[in-house]
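Protein sequence lines, in the order shown, are assigned to chains A, B, C and D.
Counting in the numbering used here, the first sequence runs from 5 upward without gaps.
Counting in the numbering used here, the second sequence runs from 5 upward without gaps.
Counting in the numbering used here, the third sequence runs from 5 upward without gaps.
Counting in the numbering used here, the fourth sequence runs from 5 upward without gaps.
I should point out that these hints are in silico values taken from the structure, not numbers from a laboratory.
Note that the Cβ used here is the ideal one computed from N, Cα and C, for glycine as well.
Hints are supplied without guarantee of correctness; some may be wrong.
What the hints assert, rightly or not - Pairs of lysine-lysine, BS3-like flavour, derived with a Cα cap of 25 Å:
1) C:Lys194 - A:Lys255
2) C:Lys191 - A:Lys191
3) D:Lys255 - B:Lys191
4) B:Lys194 - D:Lys255
5) A:Lys255 - B:Lys194
6) B:Lys191 - D:Lys191
7) A:Lys194 - C:Lys255
Unchecked claim - Now the in silico label distances, taken between C-beta atoms and shown as ranges:
8) C:Ala263 - D:Glu96: 56 to 64 Å
9) D:Thr51 - B:Gly140: 49 to 57 Å
10) D:Thr51 - A:Tyr209: 53 to 61 Å
11) D:Thr51 - B:Glu284: 45 to 53 Å
12) B:Ala263 - D:Pro193: 48 to 56 Å
13) C:Gly259 - D:His114: 53 to 61 Å
14) B:Glu284 - A:Ala47: 30 to 38 Å
15) C:Val214 - A:Gly285: 17 to 25 Å
16) A:His196 - C:Gly259: 23 to 31 Å
17) A:Met11 - D:Asp101: 38 to 46 Å
Protein chains: 4
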Amino acid sequence: MEGIDGMGIRAAVAGASGYAGGELLRILAGHPEFEIGALTAGANAGTELGALQPHLRPLADRVLAETTPEALSGHDVVFLALPHGRSGPLAEQLGDDVLVVDCGADFRLHDAADWEGFYGSPHAGTWPYGLPELPGRREELRGTRRIAVPGCYPTVATLALFPAFAAGLVEPDVVVVAASGTSGAGKSPKTHLLGSEVMGSASAYGVGGVHRHTPEITQNLGAVAGEPVTVSFTPTLVPMSRGILATCTAKVGPGVDAAAVRRAYESAFDGEPFVWLLPEGRWPATAMTLGSNAALVQVVLDERAGRLVAVAAIDNLTKGTAGGAVQSANLALGLPEDLGLTTIGVSP
Amino acid sequence: MEGIDGMGIRAAVAGASGYAGGELLRILAGHPEFEIGALTAGANAGTELGALQPHLRPLADRVLAETTPEALSGHDVVFLALPHGRSGPLAEQLGDDVLVVDCGADFRLHDAADWEGFYGSPHAGTWPYGLPELPGRREELRGTRRIAVPGCYPTVATLALFPAFAAGLVEPDVVVVAASGTSGAGKSPKTHLLGSEVMGSASAYGVGGVHRHTPEITQNLGAVAGEPVTVSFTPTLVPMSRGILATCTAKVGPGVDAAAVRRAYESAFDGEPFVWLLPEGRWPATAMTLGSNAALVQVVLDERAGRLVAVAAIDNLTKGTAGGAVQSANLALGLPEDLGLTTIGVSP
Amino acid sequence: MEGIDGMGIRAAVAGASGYAGGELLRILAGHPEFEIGALTAGANAGTELGALQPHLRPLADRVLAETTPEALSGHDVVFLALPHGRSGPLAEQLGDDVLVVDCGADFRLHDAADWEGFYGSPHAGTWPYGLPELPGRREELRGTRRIAVPGCYPTVATLALFPAFAAGLVEPDVVVVAASGTSGAGKSPKTHLLGSEVMGSASAYGVGGVHRHTPEITQNLGAVAGEPVTVSFTPTLVPMSRGILATCTAKVGPGVDAAAVRRAYESAFDGEPFVWLLPEGRWPATAMTLGSNAALVQVVLDERAGRLVAVAAIDNLTKGTAGGAVQSANLALGLPEDLGLTTIGVSP
Amino acid sequence: MEGIDGMGIRAAVAGASGYAGGELLRILAGHPEFEIGALTAGANAGTELGALQPHLRPLADRVLAETTPEALSGHDVVFLALPHGRSGPLAEQLGDDVLVVDCGADFRLHDAADWEGFYGSPHAGTWPYGLPELPGRREELRGTRRIAVPGCYPTVATLALFPAFAAGLVEPDVVVVAASGTSGAGKSPKTHLLGSEVMGSASAYGVGGVHRHTPEITQNLGAVAGEPVTVSFTPTLVPMSRGILATCTAKVGPGVDAAAVRRAYESAFDGEPFVWLLPEGRWPATAMTLGSNAALVQVVLDERAGRLVAVAAIDNLTKGTAGGAVQSANLALGLPEDLGLTTIGVSP
C-alpha cells in the first residue's frame, strides 16, 4: 500500500452520484489518510459533482467518469456503491491487491440459495463481512482485500441482538421492527418517495419476511447463536431523511434476569469505539447519530412478557453504509479503526 | 334525548384547549346532530378558543369556562378530554341520564390491580369500552350513558390482532411495535417534544412493557382469545404530528395457511364502516387516514418465520381518540354509527 | 341545471390521479349537491383509484377512464386538473351549457403576450377568474359556465395585498416571498422533490420574476390599483406537504397610518366567508388551514421602513386550488358560496 | 496564548446545555487546536452532559458547572452562549487577555438607542463584529480579545446583500424575508415550538420591523453603503430543525445590468473560504449546509421589476452561530481562519 507513505491512500468511489456515494465522499474528504481519486457514475457520467451533490463543495468541480474497470484502476481502494449485481463483474477486474469495499449486497450472504431466493440472480460469492463488532469479524477484516459492507437494517438489528445470543439468553426466534428514513430507498425518483408522500406518514413495506435484508439478519444472528435463528423482520418508512431505529425482541430463556441481560450487553460492547450502550433509563433516538458512525443501544428485560427488548439507532448512511465501510477499510489497511470517523452527531 | 327533535344534541367538551379537545370540536362542528355547548379548560379557562385552537375559526370567539360540574351541566352529552384521574369525580356529578364519553384512561381497565400498577391511583371503575369493532362491544354501546374511549395504541393494536384471535389462528404471545406522531404526547411543552428535537428523529420510549397502554391491549386481546395473552408493546415516536402505524405479530398455530388468515380478517371486518382491510399487496400508511376515522389494516403470513404479521394505521386523534369517541356516542344515542365521520383522509 | 332537482349535480374530474384531482374528489365527496361522475387520467387510465389515491376509500373501486371529451360528456360540471395547455382543446368540445372549471393556467391571463412569454405557447383565451374575494369577480362568476381557477401563489398573494391597493395605501411596487409545501409541485417523481431532498431543507426556485405566477399576481393587483403594479415574486419550497405562507410588502404612501391600514383590510374582508383577518397581534400559520378553504391574513404597518407588510396563509390544494374551484363553482351554479366547504383546519 | 505551544488552547463554554452551546462543543471537539475545558450552565448545572446533549458522546460524562466567573477562569478562550444581557457582567470578570466570544446579542450594536429600543435594557457596549466577510471586519478581528458573534439572520442577510451595496448597485431600501428552522428559537419548551405545532406549518412572527435582528442588519448594510439603509425584515418559521434561507431584494440603480451584478458578487466573495457564490442557474438550499460553515449565495437581476434578488442559505447553528464564532476566534488567535471548520454539509 504505497499510498500510506506517499501522498495518501488513493480511493475511488463508484456510484458517486447516489446517497451512499455522497456519504462516502463526505467521510473520505475528512479522512486524514485517504486521497479521493476517480469518481464514477452510470447515467450521471459527464456531470460535475457540484450539480448532483452540492453539499460537497470542495469536490464540486470534479467530473464524474463512467463506471468502468479502467476508470477505477490505479487506486489503492475502490468503494463500490452500485445497484445489486454490479459489483461482482467489476471486482474481478480490479486486481487482487486492491482493496475493494462493496456497499452493495452481492457478497454478503453465505448461502447461495438464500441469495437466489431473495435476489433472483446467481450468487457472486461471499466476502469478509464488514461488521467488526460481530464476534470474530474484526480479525477477519484485518488485512483483507475484499469487504462486503453490511446492509443498513442488518447492521442495526445485529448490533441490537447479537449480545443476547452470544450470552445464550434468548430463544432463536426474534422479531425486528425497524423505522427507517427515506434515504435508505435511494435517490431514484419514485412517486411513493416524494416529499409530499412521505412527510406526515409512517408506512410499512416488505412485510412478511420478504425484505432482502431478512436472510442477512438471520445469517448474522445464527452465526452467533450457533443454531438457526428465525427472524420476523418488518421495515417501515418514517418521515426523516436519515436514521434507523430498530426495536428487537426475543423470548428469554429460563432464569434470565435483568442483571444478566445488562451484563451481556456491557460485555459485548466493552471497548467498542462506535457502539454506545446507553446508561439505563435512556433510550436511543436516531437524531443523536446524524452524520456519526455511532450505534446507540439500550436493552431491557420485560419480565411480564418474558422478553428481552433491545432498541438500537444508527445513521443508515453512516454506520449503516459509508461509515461502516470506512471503519472496515481502516481495519483492512492497518489504520486505526476509528480514523476519520466520529461518534458525534449533528443535533438538533 | 330530547335534543334530537329540537335544536340538536347539546354537547359539552371538557379539556377543549388540548389536542383531543380540539379534535372533538373539529368533528362535532361538522356533525349534523350535535350542537356545541360549553367548552371548558383548566389553566386556559377565560381564554378565547381562537387564541388556542386557531384552526377552529367558527368557534374562535368562544370563551373557555373552568372545568366544573356546573359548567358541564345542562348538556345531553359531555365529552371529557382530561388528564388521567380527573374523569371519575366529575362524572359522578353529571347525572345518570347524561351521556359521558371519557377520552381518558380512567374507566378502560377491568382489573383494579392493573390500574393501580400502571397508574398508581385507586381504580375508578369500568365503563363500556368504545371500540365497536371488537366482538360484543357494539351491542354494549347502544343506549349506554357511559363510554370509556380506548387509548390510541390499544385501538390500532387491537384492530390489527383481534381477528387472528377470534379465528384461533395464533398463539397468545404477541409483539406490537408502534410508531406514533407527536400529538399523542399532548400539548404541554416539554423539551423532548420540541420540533427541533423530534424532526429528523425516531426514538423509543416506555420500552419493556411499562407503557400504560400495555394492560389495555392485553385485556382486549385476552377477551377475544378467551385466555390470557402476553403482550410485548414498544411505542416509538416519529417525526409527524398525527398517525400511528402498528406492526403486530404472533406465531401461528399448526396448519394455519395464508387463506385462513385472509379469511379471518375479511370476516372480522365485513361490513365495518371504518376498518378497511386493504387489497392484498397494499400496505397501510398513516397519511391515508389523516383527519379520517378510518383504520387501515393489512395482514400476511410469514411462512418462514411461522408468524402472522398485521399492520394497521390510524389517525391517533381521530379514530384513536375523538373520532372513536363520536362513533361510540352515535351508537349510544341511537344515531347512525358513521354520522358526522368520514373515511376520507386529507392527503397528501 | 337539471341535476339540482334530481340526483345531484353530476361532476366529472379530469386528472383524477394527481394532487389537485385528489383534493377535488375529497371535497366533492363531502359536498351535498354534487354527484361524482367520470374520473379520468392520462397515463393512469385503467387503474383503480384506490391504488393511486388510497385516502379516498369510498371511491377506491372507481376505475380511471382516459381523458377524452367522450368520457367527460354527460356531466353538469367538469373540473379540469390537467397540465398547462390541455384545457383549451378539451373545453371546446364540452358544450357551452356545461360548467367547465379549469384548475390549470390556460385561461387565467388577459394578456396574450404575457401568456406566450411565460408559457411559450399560443394563448387560449381568458375566462372569468375564480377569486370571488377580488373586487368585481364574484358578480362575474354567478351563472358563468367557464371558470379559470387562480394559481395557488396568486390566490394568497392577491388576498394579502389587494385591500391595500383598493384603499390606495401603497405604491405600485410590491415584493412577495412565499414559502410553499411540496404538493404544489405535483405528483410526478423528480429527484429534487424526493422526501430525502426536501425534508430538512428550504430552497428557492424561479427567482427573479421568472415564475409563471408572476404575471397573474401583476394582473390581479394592477386591476385593483387601476395602474400597472411591479411585482417581485420569489417562491420557496419548505418541508411540508401542503400550505403556502406569503409575506408581501409595499411602500405606503404619505400620511398612511396603522389605523387606515387596519380599516382597509377590515373593509375588504367584511363578510367574506373564507378570509379571516386575524385579531391584531396574531399571525397566520399554514397548519391552521390544513384541508380547509380558509385564508388567514394579517397586516401591519412598519413605520420605520415605511412599509405595509401583509402575511397570508392558505392550503395550496384547498383554497389554492380545489376548494377555490368549488367555491367558484357554487357561485356559478347558484348554490351557497360556502356549500361543501369548511373553514376548519385539521390541526395539529 | 501559551496554550498553542502546550496542550492546546483551553476553551470554556458557558451555556453548554443549549443548542448554541451544543454546536460549539460539536465543533470544538473536532478542532485540532482547542482543548475543551469548563462547561457551564444555568438550571442544568450539576447534570451530566450526556443526559442533555446525547449526540456528544465523547463529552457525555462531563458534569456541567454553574456559570460563574470562577468556573470560567483559567481558560484561553471563553465562548458565551447565554441569554441576552448576561454576557456583559460576566465578561468584565474574565480578564482582558482572555478571548471572550459572545454568541449573544449584547455587544453587536453600535447605537445605544437601537439597543435600548429593541432589547429594553442598558447598552453594554460594542465589540469587534465577528463577520470576517464584511469589508474591514477581518482585520479588526485579528488579535482581538473580544468578539460579538453576529445574529443568525444578520449573518445570512448581510452576506446576501452587502456586495450590492459595496458596488453601489442598489437603493438603500431593502426587503428581507427569511425562513428559519426551529433551533434558532432555542431549547426552552414552549407550546408554539412543539413538534406537533411546527411540523407541517410555516408561520410568520416578529413582523413589521420588530424583530431584534432588524437593527443589526440595518447597521451592517449601512456601514457598507455609507448611508442609512432602510430594512424591512420578516422572519418566518418552517418545519426543519436547522437552516435559514433568506430572500433579499432591493431596487437597482439606473444602468445596472446583470453582468455588473454578477461581477459585484464574484468580487465580494473572491477567496472567501466559506461563502460559495453558486454557478448561475443553481439556487441555495439549506440542506446543502447542514452542519457546515458554508454560506451559499445566488443573485439575479429581475429586469422587469428593476430589482436585484439575492438568496442565501446557512446553517443557523453553524455559520449562523457556533461556526461563525470559531471562524472569528481562529482569526483572533492567529490560527488559519478555516481550522476545524468544514464546507461540507451532511446531506441528504
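- Message: Taking the earlier hints as the rules, which of them does this structure contradict?
- Response: 1, 3, 4, 5, 7, 8, 10, 13, 15, 16
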